[in-house]
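Starting from the known structure of chain A, fit chain B onto it as the hints suggest.
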Amino acid sequence: MSSENSVGLVTPQRVRFATPLTLKSGAVLPGFELAYETYGTLNAERSNAVLVCHALAGSHHVAGFYADDPENIGWWDNLVGPGKPLDTDKFFVIGVNNLGGCYGSTGPLSIRPETGKRYGADFPLITVEDWVAAQARLADHLGIDTWAAVLGGSLGGMQALEWSLQFPDRIRHAMVIASAPKLSAQNIAFNEVARQAIISDPDFHGGYYAEHGVLPTRGLRLARMVGHITYLSDSQMAEKFGRQLRHGEHKFSYDVDFEIESYLRYQGNKFAAFFDANTYLMMTKALDYFDPAYAYAGHLPSALARARARFFVASFSTDWRFAPARSREIVFALLDNRLRVVYAEIDCDAGHDSFLLDDQHYHALLRAYLGNIAV
Amino acid sequence: MTEHERRVKAEQRERFDFAVIANWLQPGEHVLDLGCGDGRLLRYLDETRDVTGYGVEIDPESVLACICNGVDVIQMNIESGLLGFEDHSFDRAIISQALQTMHTTERILSEMLRVADEAVVSFPNFAYRSNRAAIAAGHMPVSEDLPYDWFDTPNVRFFTIVDFEDLCARLGIEIRERLAFDEAGREVADDPNLNGSLAFYRLGRKS
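Protein chains in written order, with the UniProt record's numbering: chain A, 1 to 375; chain B, 1 to 207.
Hints may be right or wrong, so weigh each one.
[As the list claims (entries may be wrong)] Stretches of chain A that chain B covers, calculated by requiring three or more beta carbons in the stretch to come under 8 Å of a beta carbon on chain B:
#1 111 to 122
#2 337 to 348
#3 358 to 369
In short, the hints are calculated from the structure, not lab data.
C-beta: ideal position from N, C-alpha, C; glycine also.
Excised from the complex, chain B in its bound form:
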């Protein structure tokens, strides 16, 4: 694959991720995107769903990229919570493929459902078939959705669809919808913990 092909593929994949999230949003929603990176998701949601809102990011270069992209970004560390954000001040809090890069998983999930009515979470499933195969062959997995070598990965939490759902149950978080996709971007219905590479959740508080 040439560098160009790789980039095109990455962009197609990114748009597919973004589209899954966009499909869950109502036009005009007010959202908070945690670990927003360069703000591309928020820009996409603005363009496709007319959403308003803010990104939150700790990395200085990403904050700069957000500003270049015209995305409203708040530079802060969310590991210690979302102090300063009012309860239910957002329709949705989103964390797109960033939860696995943070240490305080429980706090972040709880805080998302404090400041927003609903949370949208996506993450790479470490129990995906090819990841299991890599481990069985004696190596940490490197894949489409886990594109890092073990020694330079930003990921600090390694969990599976089953693990995540156990945690949600323990925290009293209601899973309102789940979608899982394989590496080719096909939706997976059968045994998602084995066949799903990337998982998306809509989460809420049981009323």
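Extracted from the complex, chain A is given alone in its bound form:
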């Protein structure tokens, strides 16, 4: 980690919104808190703000590190910093933990004011639309009328797209990376396997595990293992692990034989140690429900007709979770509306997770596009 281009020491902040938020499901959240971080400085014209939206397991900690936890480096630190593609000398960058998250924003782990107990399973289902509505309140709070750009990968890209639809006049550039306009049946199927892994864990207790003093770690671990398979490409897995054996020989047991098993168990354990199962369930549902074309008889061009932003859309050649064809659906729907868009299909062997890597060409594209945004 080169600290010279790091935003350096960062401090998370929190803001409370007292006005109730009516969610897409019809449920009402009486008020909520959002955890967020900022990097760089808002200019006098307030024209240089960029919102970075996180994906399934991300947080508001996008860049930099904490004084009391210097090893905890932001999840998109390779992108955000002085002189980096998303240059904090130019832009005022905001990372936010989404509503329902488990990193400090109001979510299933929060204490419900009416009961004095954790929400747990009673926390309402939050959609991408709700996240954007909550993020808009944060923008208001920070005095940001219009984002120079909203960007994100995967589920984060869906939020960038949703911003362009829900608040067409508050976003100048939408950067939608390794994303899709809606989940496919296969995508939903993987999510359902992940959910069933959690829900069928005996320690889940219908989502009220906190009250039982346990955690459904086995389910969460399985859910993450399944997810991880979809984040990597077949070729990358073959290259990284192949059929390498952990103990140099076949053990004829159900313990770890192959390195890939070890890797998945490690990733599963790591994740299950800190992530909240109810949040994970909710996030996967938010993914499943996202479908801006749903209200337009499935016709995406009609759904995107409202958008006014300029678009940067990018996909990765080996991403089979949200394959390039899914990004092209967005691109052609934008073309049908004669909206401005650049689309890059990046050759990268790391599958869906490519969007988090600092592939040279990928970062050059981001640097070029962001560099041309007037502030």
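Then chain B, alone, in the frame of chain A:
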């Protein structure tokens, strides 16, 4: 010629190519530029004709250059067609000195006239006088409009004005206008297949 002179000459020539195409466009048209390279033609058309539209390009470095130039570019391979582009969604589809670098000539021409009302095509004429002379002398031609050695040329289709017009006839494509220029950029009227180095066409479907 110094490197600077060469560059100035290339830029003058490029502007001349661009101007020929720009002259055929109405202000404010919506265009698709296939094989758009670094997007300079689209930028020129935007500046001179206020056109909107997109470039299509397969080469990653060219896509990056388009983004640097502020040109809207779609990265895709057009050899297999223009799947995803709606019928007649553009006023014009342009392919400027790139048709000879693609394999699926017929498909590309047909697709251009599917997605746009009119196609604009320019290409180097392989039957140009000096090219014939080069072949007669036993060498593949290298010229102003064919600036590559045979072993590193991006060109994969070698055709002449006469060949191209035969193909258009076979595909039922109407030639609405043709311009041919010699290496000095002078318009050629007499025997363009012999005297024209670079050819420009406006193409449509017979109604």
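So, going through the hints one by one against the coordinates:
1. 111 to 122: violated (count 0)
2. 337 to 348: Coverage by chain B holds for the region 337 to 348 of chain A (9 residues, Cβ < 8 Å).
3. 358 to 369: Three-residue rule met by the region 358 to 369 of chain A, so holds; n is 5.
Going through the hint list in order, the structure does not satisfy hint 1, though it satisfies all others.
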